[in-house]
Amino acid sequence: MKYKLETLTVALVSLLAIIPTVLAPSASVQGSVTVESTCDIAASPNVQFEPLVPSQTSTDHTTTVSEPTGNIVLTPTILGSAWIGTGETPPTMPVGQTHWANSDLAYASMTPLDTSVASINDAIGPEDNATVHFKLQVPNGQTADIYTQTITFEITC
Amino acid sequence: MKEKVRLVKTWVAMLLPTIIFFALFSVSYAQTNTEITASVSIFPGAKIECKPDILSAGSSVEWINCFIELEGANAQNIDFQSLTLAVDGLSGSLSPDPSFKAFNDFDDDGELDLQIRFNRTIADSLWFSHFNLPQTFTLVLTGSVQNFPFSGSDTIQIISPCSTEKAKYTQMGLLKADKPTKGNLNVIGNIDLSLYSQDFSHFSGFFLCKDRLIGNAAFYTTGDLNVPKTANFFRIPIHYLDKQPVRISVLFKEFDDCVANSGIVHCSGSGKLIVWNEGTREWEGFDLKTLRFDIVNGKAKIEGGDFWNDIFSVENIQMGRITVK
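These protein sequences, in sequence, are chains G and H. 81 is the number that the working numbering gives to position 99 of the first sequence; each next residue is one higher, with no gaps. Add 34 to the 1-based position in the second sequence for the working numbering, that's all there is to it.
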């Protein structure tokens, strides 16, 4: 008899625990989130041409342009600065000696880099990178030195 | 009522800038960029020319002369200690004669050259004497200028002694049309040969080689030497050029080596340059410690001096007959 009473008590308590859930009125909630457009740009690695002599053309070198944290698809532009050597009165080399393209082409078929922007004609996005190919041709009589050039990739969003 | 209007104005004043900012923000674009650096080391280009082009084994040629012309750097800045000569594919290297170097525009192209020379006997023992002849070797000359390395190559052919038994060569007549179109006649003693204008020239010679090398070669030219002079006219100095008829002869005295085939004739040795002034009937002679000529494609080039062509150089001499046996 005692055992039966205990069983009945447990069953009653369980029923009481379930009742509010079962009898509660149901409701659905709708939420909306607006994801803002964001963009950024990164490029790597730096371009390290092999040592060259005047009138020689380099091999193909590439850099990858990406959008690490952005969420929209964009086409970057490219521009560059003149090559500059070292020392107090450093020698220079025209920016356009560097040619670029979207694939490994002959130097003459690539686009000369310029101080004005040009579209790289290849989109980048959250899941898409662009590879830019570079070649350099050294002019005849170019002064021997170590030269550097800045290449800038830009996006507008 | 007034209080309400004032309150509205205050709110508008506070909210308006914010509204304008967001309105502008919603229609403007952000520009962002990234930069990479491109870098390159540009080394000097080197044009290397080593002479002679053809060398007879066992000849008395003492030196292999090499001329270095740089592109993108000044030959005067070459680190002499860095210079070495090697032969492509063979071991061993050779340093230049430390007692000799000369700068000049030896090839007359407007660029300064550095002349250095390597001991031929050592080159023989290192490389040339170990092969059946004839044999062509690629000489590789390396060095540095202001810490930038350069390298260039040229070929030299080593042939058996007296590969040519006999060669004879002569310019076709004493024609004005045959006068050399390019020359480099420098100041020697009191005579400035750059002021010489040529009427005509002649060049001829021969060599025989059996057990030993014998031969003769002479270049002869006549023309005018425009000698600067000064005269006083009532104590006023007047400068003028005195045109003096001269004859210039270049004579080989000794041959170190001579080679010839159907395409080329080459001799090197030493000799003398003599200037004969027909007006004053005076003459001056100058030793040419080094003297050579090359006939290639029917045109001769003769040059000589203390160490190369520092006294005398004439090229583009149209040759008539060349006989090689």
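Honestly, the hints are just simulated from the structure, not real lab data. Incorrect hints may appear among the rest.
Claimed, not checked - Which chain H residues face chain G? A few, computed with CB under 8 Å, are given here: (1) A64; (2) E69; (3) I70; (4) T71; (5) S75; (6) G79; (7) G106; (8) A107; (9) A109; (10) Q110; (11) F114; (12) S178; (13) S283; (14) L285.
Ideal Cβ placement from N, Cα and C applies to all residues, glycine included.
Taking the hints in turn, this is what the structure says about them:
1. A64: Holds - the Cβ of A64 of chain H comes within 8 Å of chain G, reaching about 6 Å at its closest.
2. E69: E69 of chain H check passes; min Cβ-Cβ to chain G is 5 Å, inside 8 Å.
3. I70: For I70 of chain H, the interface hint holds, since the closest Cβ of chain G sits about 5 Å away, which is under 8 Å.
4. T71: 5 Å, holds
5. S75: Since chain G brings a Cβ to about 4 Å from S75 of chain H, closer than 8 Å, the hint holds.
6. G79: 4 Å, holds
7. G106: Nearest chain G Cβ about 4 Å off; hint holds.
8. A107: This hint holds: A107 of chain H lies near chain G, its Cβ roughly 5 Å from the closest one there, short of 8 Å.
9. A109: 12 Å, violated
10. Q110: With a minimum Cβ separation of about 14 Å from chain G (threshold 8 Å), the hint on Q110 of chain H is violated.
11. F114: Cβ of F114 of chain H sits 17 Å from chain G, so the hint is violated.
12. S178: Where the cut-off is 8 Å and the nearest Cβ of chain G is about 10 Å from S178 of chain H, the hint is violated.
13. S283: Because about 41 Å separates S283 of chain H from the closest Cβ in chain G, which is outside the 8 Å limit, the hint is violated.
14. L285: The hint is violated - L285 of chain H has no Cβ within 8 Å of chain G, the shortest such distance being about 41 Å.
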